[in-house]
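Chain order of the listed sequences is H and F.
The first sequence begins at 17 in this note's numbering and counts up one residue at a time.
The second sequence begins at 17 in this note's numbering and counts up one residue at a time.
Errors might be hidden in some of the hints.
You can't tell identical chains apart in this list, so a pair holds if it fits in one copy or across any two.
Stated by the list, open to error - The calculated SDA-like cross-link candidates involving lysine to any residue, where the alpha carbons are at most 25 Å apart (straight line), are:
1) K56 to L25
2) K49 to D125
3) K49 to L114
4) K56 to G76
5) K70 to D26
6) K67 to D24
7) K70 to G33
8) K70 to L120
9) K70 to S27
10) K67 to S27
11) K49 to T111
12) K128 to L88
13) K56 to G33
14) K70 to H100
15) K67 to D26
16) K128 to H87
17) K128 to D24
18) K67 to D34
19) K128 to A59
20) K128 to R113
21) K128 to R39
22) K56 to F105
The set of hints was computed from the structure by calculation and includes no laboratory data.
Number of protein chains: 2
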Amino acid sequence: MVEHSAPDLDSLFHALGDPTRRRMIRALAGGEKTVGELAKPFAISLAAASKHIKALESAGLLRREVRGRTHLCRLEPGPLASAHAWLGFYETFWTERLDALDRLLREEDARKTEPVPQPVTQPVKGDIP
Amino acid sequence: MVEHSAPDLDSLFHALGDPTRRRMIRALAGGEKTVGELAKPFAISLAAASKHIKALESAGLLRREVRGRTHLCRLEPGPLASAHAWLGFYETFWTERLDALDRLLREEDARKTEPVPQPVTQPVKGDIP
Chain H
17 MVEHSAPDLD
27 SLFHALGDPT
37 RRRMIRALAG
47 GEKTVGELAK
57 PFAISLAAAS
67 KHIKALESAG
77 LLRREVRGRT
87 HLCRLEPGPL
97 ASAHAWLGFY
107 ETFWTERLDA
117 LDRLLREEDA
127 RKTEPVPQPV
137 TQPVKGDIP
Chain F
17 MVEHSAPDLD
27 SLFHALGDPT
37 RRRMIRALAG
47 GEKTVGELAK
57 PFAISLAAAS
67 KHIKALESAG
77 LLRREVRGRT
87 HLCRLEPGPL
97 ASAHAWLGFY
107 ETFWTERLDA
117 LDRLLREEDA
127 RKTEPVPQPV
137 TQPVKGDIP
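Chain H extracted, bound-state conformation (with noise of 0.2 Å):
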């Protein structure tokens, strides 16, 4: 069996490991950043931030542009794409569940509404009026 190897989902995926680069990449959402505001909300080094920078990088999904003698960053939304690509395939397993929790919801509402079955009577032989 042939599997294509996309070494691009792992550096990807590790790069959404992380919370900061999550938060990162929310805050990269609203419109470019210099490294120092990117850093800013977090309690880390720049150094620490700049590492951080690097692996969004790296994983494709930050471009940087030298402006001077600011770095300023900028959302690439490609490889999200890619990676909501590759958990899409997954999606009818999450729907055939929601699925079924819904069937079963409505059977339980089903059997609380309809009227208690009354004991029937079984006409005696030779009992006929």
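Fit chain F to the supplied structure of chain H, relying on the hints for placement.
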């Protein structure tokens, strides 16, 4: 600004950041598997496979059921839905990009097919027939 921490996304994206684990998820999508069956396609030891399986388990992606001497593994799709939803927040970003690209291509097509503009001859004052 209040940020909701989502520690489960950490272990989830970490679990997805490895090609062996992604292939195990794909295998589980085909139905439940024993630990041996999950390990088989990879040139890795059972101990290494077990470590991967534990990473999937702690990310909530795999449920292990003991039946006699057999450990049966099953895909738990819920966390994949969470990751898909997290990424879905950024969908507008890559859609906008694609829309912009689409617009550019259409404009280029239009330029190629539209007739070559003819020089407009301005009517000269007093030149009305």
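Results of checking the hints against the structure:
For the homomeric pair K56 and L25, the shortest alpha-carbon distance between copies (23 Å) is at most 25 Å, but the shortest distance inside one copy (28 Å) is not. Taking the shortest alpha-carbon separations for K49 and D125, neither the intra-copy value of 52 Å nor the inter-copy value of 35 Å comes in at or below 25 Å. Proximity of K49 to L114 under the C-alpha cut-off of 25 Å is restricted to the inter-copy arrangement: shortest distance 23 Å between copies versus 39 Å within a copy. For the identical chains of this complex, K56 and G76 are intra-copy neighbours only, at 22 Å inside a copy versus 33 Å across copies, given an alpha-carbon limit of 25 Å.
Both within a single protomer and between protomers do K70 and D26 lie at most 25 Å apart by alpha-carbon distance, with minima of 15 Å and 18 Å respectively. Taking the shortest Cα distances, K67 and D24 sit within 25 Å of each other both inside one copy (18 Å) and across copies (22 Å). Proximity of K70 and G33 under a CA criterion of 25 Å is satisfied in both settings, with 14 Å inside one chain copy and 17 Å between copies. With identical chains, the CA atoms of K70 and L120 are never at most 25 Å apart, being 48 Å at best within one copy and 31 Å at best between copies.
For a Cα distance limit of 25 Å, the shortest separation of K70 from S27 qualifies both inside one copy, at 11 Å, and across copies, at 21 Å. Taking the shortest Cα distances, K67 and S27 sit within 25 Å of each other both inside one copy (14 Å) and across copies (20 Å). For the identical chains of this complex, K49 and T111 are inter-copy neighbours only, at 21 Å across copies versus 37 Å inside a copy, given an alpha-carbon limit of 25 Å. Proximity of K128 to L88 under the C-alpha cut-off of 25 Å is found in neither arrangement, the shortest distances being 61 Å within a copy and 36 Å between copies.
For the homomeric pair K56 and G33, the shortest alpha-carbon distance inside one copy (20 Å) is at most 25 Å, but the shortest distance between copies (27 Å) is not. For the homomeric pair K70 and H100, the shortest alpha-carbon distances inside one copy (22 Å) and between copies (24 Å) are both at most 25 Å. In the homo-oligomer, the alpha carbons of K67 and D26 lie at most 25 Å apart both inside one protomer (17 Å) and across protomers (17 Å), since each shortest distance falls under that limit. For a Cα distance limit of 25 Å, the shortest separation of K128 from H87 qualifies neither inside one copy, at 63 Å, nor across copies, at 38 Å.
Neither within a single protomer nor between protomers do K128 and D24 lie at most 25 Å apart by alpha-carbon distance, with minima of 52 Å and 37 Å respectively. In this assembly of identical chains, K67 and D34 lie within 25 Å of each other by CA distance both inside one copy and across copies; the values are 12 Å within and 21 Å between. Within a single copy, K128 and A59 get their C-alpha atoms no closer than 54 Å, and across copies no closer than 54 Å, so neither meets the 25 Å cut-off. With identical chains, the CA atoms of K128 and R113 are at most 25 Å apart within one copy only, with a shortest distance of 23 Å there and 51 Å across copies.
In this homomeric assembly, K128 and R39 never come within 25 Å of each other (Cα to Cα): the closest approach is 46 Å inside a single copy and 44 Å across copies. Taking the closest pair of Cα atoms, K56 and F105 come within 25 Å of each other only across two copies (23 Å); inside a single copy the shortest separation is 37 Å, beyond that limit.
The structure shown violates the earlier hints numbered 2, 8, 12, 16, 17, 19, 21.
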